[in-house]
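Take these sequences, add in the hints, and give me the full structure.
If you read the protein sequences in the order shown, they are chains A and B. Counting in my numbering, the first sequence runs from 41 upward without gaps. Counting in my numbering, the second sequence runs from 111 upward without gaps.
It should be emphasised that the hints constitute simulated quantities derived from the structure, not laboratory data. All values derive from a computational prediction rather than experimental measurement. By construction, the Cβ of each residue, glycine as well, lies at the ideal position given by its N, Cα and C atoms. One thing to keep in mind: the hints can contain errors.
[To be verified] Selected chain B positions facing chain A (in silico; Cβ < 10 Å):
1. His153
2. Leu222
3. Thr225
4. Val227
5. Leu230
6. Ala243
7. Gly245
8. Pro248
9. Leu260
10. Asp261
11. Val265
12. Tyr266
13. Ile269
14. Ala300
[As the list claims (entries may be wrong)] Stretch-level coverage of chain B by chain A, calculated; a stretch enters the list once three of its residues show a Cβ under 8 Å from a Cβ in chain A:
15. 198 to 206
16. 234 to 242
[Claimed, not checked] Distance ranges between label pairs, derived from CB positions:
17. B/Val154 to A/Trp59: 37 to 45 Å
18. A/Leu55 to B/Val154: 21 to 29 Å
19. A/Val247 to B/Met326: 42 to 50 Å
20. A/Gln121 to B/Ser244: 18 to 26 Å
21. A/Leu55 to B/Met326: 45 to 53 Å
22. A/Val240 to B/Val172: 21 to 29 Å
23. B/Val318 to A/Leu254: 31 to 39 Å
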Amino acid sequence: MTLSTITRATLMKDLRLEWRSKDAINAMLFFALLVVVVFSFSFDPNAEESRQIAGGLVWVAFLFAAVVALNQTWARELRNQVLDAYRVSPAPANSLFLAKAIGNFVFVGVLEALMTPLFIVFYQLRAVGPVWQLVPVAVLGTWALVVNGTFFAAVSIRTRSREIMLPLLLFPISIPAIIAMVNATTAILTGELSIRVWIVLLATYDVVFTIACLLFFEMVLHAE
Amino acid sequence: MKRIFTVFALLTGLLLSYALYQALIVAPTEKTMGDVQRIFYYHVPSAWTAFLLFTINFVASVVYLIRRSSAADALAVVSAEVGVVFCTVVLVTGPLWARPVWGIWWTWDVRLTSTLVLWLIYVSYLMLRRFSASGETPVLAAALAIFGALDVPLVYFSIWIFRTQHPQPVIGGGGSIDPRMWHVLLINWAAFLCFALLICWSRYRLEVLKREVEEMQALEALLQPRGSR
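Put into structure tokens, the structure is as follows:
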């Protein structure tokens with residue numbers, strides 16, 4: 041059993057579970073839809089200025105919706121003491137972490153792919169800058185949210201009132217990534233500024249925290 | 111130990127009152143801002159003390175993860191708690207000064223925003239400590255402390271780019287200050303450091319006592335015969 045086979049097995053199991061139940065994705069989609077609707081009351085969604093705030097709005101919706109999936113990551117393994125079984129098994133902890141992080145990346149990615157058309161329709165979005173640049177921003181930004189989110193979900197599962205604890209831990213740490221995602225998206229939509237510096241920042245954030253998560257995950261999983 | 115603590119507390123009280131006298135009476139009045147500027151002698155030392163305490167928290171967390179010593183963990187709790195208090199003082203005295211001088215309570219400038227984010231990270235650290243089960247708290251909290259420390263340069267850098275792409279805030283950059291003001295500032299910082307050390311000391315004693323009591327209670331619960339519980 042190598043690292044990659046365990047990762048693949050766990051990932052496939054999670055994807056299959058989600059495919060059959062669709063618990064996380066349904067909750068996330070509905071939640072993001074609610075955010076879109078509620079925010080539309082706070083400003084004129086058809087105005088030209090809506091392009092200036094749409095970047096922030098999109099990511100706030102994704103961020104809040106992602107928490108729903110992230111909270112389920114480990115809660116799902118509490119039933120039947122699966123998490124304890126992981127702990128005593130000789131499988132490397134990092135393969136489990138990677139499987140969970142990639143799984144969450146897929147869930148949030150699907151959410152983004154489904155929600156983006158809705159944003160375009162509801163807020164009359166039309167990018168002035170190069171649209172293809174949204175892809176690297178979305179990929180790097182989603183990984184930034186998901187890698188720390190998976191890690192802190194494993195931390196918050198050990199606390200009382202765990203559902204509420206995850207955003208409290210995740211959001212302060214994610215602020216640099218959120219600034220970069222929001223500004224890069226706004227820059228593409230308005231076509232005013234270059235996004236290179238934000239891509240560099242997001243990539244640095246991703247590398248730093250992916251390494252940190254892999255270094256500390258085993259310790260957190262086995263914390264007694 | 112108790113006598114040293116009392117003597118130290120008295121000395122700190124004396125130093126604090128001397129620093130107060132220096133800041134309010136001796137220090138020259140600033141030319142354009144007037145007396146409002148005197149809040150500077152509390153604002154800046156609090157900021158330095160808070161950053162120092164957060165650094166201590168980081169070092170103590172790393173030491174805890176390497177050695178797993180209970181003392182390092184207690185030091186981490188204490189420095190984070192007292193650091194948050196001093197950081198709050200910074201965030202409160204800042205707007206009090208900014209309102210008459212800049213005309214606004216708050217501006218989303220690099221230093222203000224990154225101090226606020228730092229405060230948020232450490233408040234989440236204290237919440238994690240409060241909400242996690244006692245046996246696991248030290249490891250989880252130490253991991254969060256290290257993540258927070260990794261985050262600090264990224265926070266500063268991201269806000270710096272964010273703000274340099276936008277209109278510059280009204281902060282007065284550069285400029286030198288009167289050497290007498292420096293003198294008063296350093297006296298105040300010394301007083302604040304002693305004060306912080308004093309609080310940390312008593313809080314550390316409290317933390318150690320609390321742990322001893324918890325251990326004793328756990329032991330008693332184990333030793334009691336089954337029927338009498």
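Each hint tested on the structure:
Against a cut-off of 10 Å between C-beta atoms, the interface hint on B/His153 is violated, since the closest Cβ of chain A lies about 23 Å away. This hint is violated: B/Leu222 has a C-beta 14 Å from the nearest C-beta of chain A, more than the 10 Å allowed. Among the interface hints, the one on B/Thr225 is violated; its C-beta lies about 13 Å from the nearest C-beta in chain A, farther than the 10 Å criterion. Given the 10 Å rule on beta carbons, the hint for B/Val227 holds: about 5 Å separates it from the nearest Cβ of chain A.
With 10 Å as the threshold, the beta carbon of B/Leu230 comes within range of chain A, its nearest partner Cβ sitting at about 4 Å, so the hint holds. Taking 10 Å as the C-beta contact cut-off toward chain A, the hint placing B/Ala243 at the interface holds, the least distance being around 6 Å. Because the beta carbon of B/Gly245 sits about 6 Å from the nearest beta carbon in chain A, less than 10 Å, this interface hint is met. About 8 Å separates the beta-carbon of B/Pro248 from the nearest beta-carbon of chain A, less than 10 Å, and the hint is met.
With its C-beta approaching chain A no nearer than about 6 Å, B/Leu260 sits inside the 10 Å limit, and its interface hint holds. A least Cβ separation of about 5 Å between B/Asp261 and chain A falls short of the 10 Å threshold, and the interface hint therefore holds. The closest approach between the C-beta of B/Val265 and any C-beta of chain A is roughly 5 Å, which is under the 10 Å cut-off, so the hint is satisfied. At about 9 Å, the closest approach between the beta carbon of B/Tyr266 and any beta carbon in chain A falls short of 10 Å, and the interface hint on this residue holds.
Here the hint on B/Ile269 is kept, as its CB sits about 7 Å from the closest CB of chain A, short of 10 Å. Below 10 Å, beta-carbon pairs count as interface contacts, and B/Ala300 has none with chain A, the closest being about 32 Å; its hint is therefore violated. Under a criterion of three residues with beta carbons nearer than 8 Å to beta carbons of chain A, the stated coverage of the segment 198 to 206 of chain B fails, only 0 such residues being counted. Counting residues of the segment 234 to 242 of chain B whose CB falls under 8 Å from any CB of chain A gives 5; the rule of at least 3 is met.
The hinted window of 37 to 45 Å between B/Val154 and A/Trp59 is violated, with their beta carbons roughly 58 Å apart. Distance hint check: the CB atoms of A/Leu55 and B/Val154 are about 54 Å apart, inconsistent with the given range 21 to 29 Å. At roughly 47 Å, the beta-carbon separation of A/Val247 and B/Met326 lies within the given 42 to 50 Å, and the hint holds. Look at A/Gln121 against B/Ser244: about 22 Å separates their beta carbons, and that is inside 18 to 26 Å.
As the Cβ distance of A/Leu55 to B/Met326 is approximately 50 Å, the hint placing it in 45 to 53 Å holds. In this structure the supplied range 21 to 29 Å holds for A/Val240 paired with B/Val172, their Cβ-Cβ distance being about 28 Å. Checked against the hint of 31 to 39 Å, the pair B/Val318 and A/Leu254 passes, with Cβ atoms roughly 34 Å apart.
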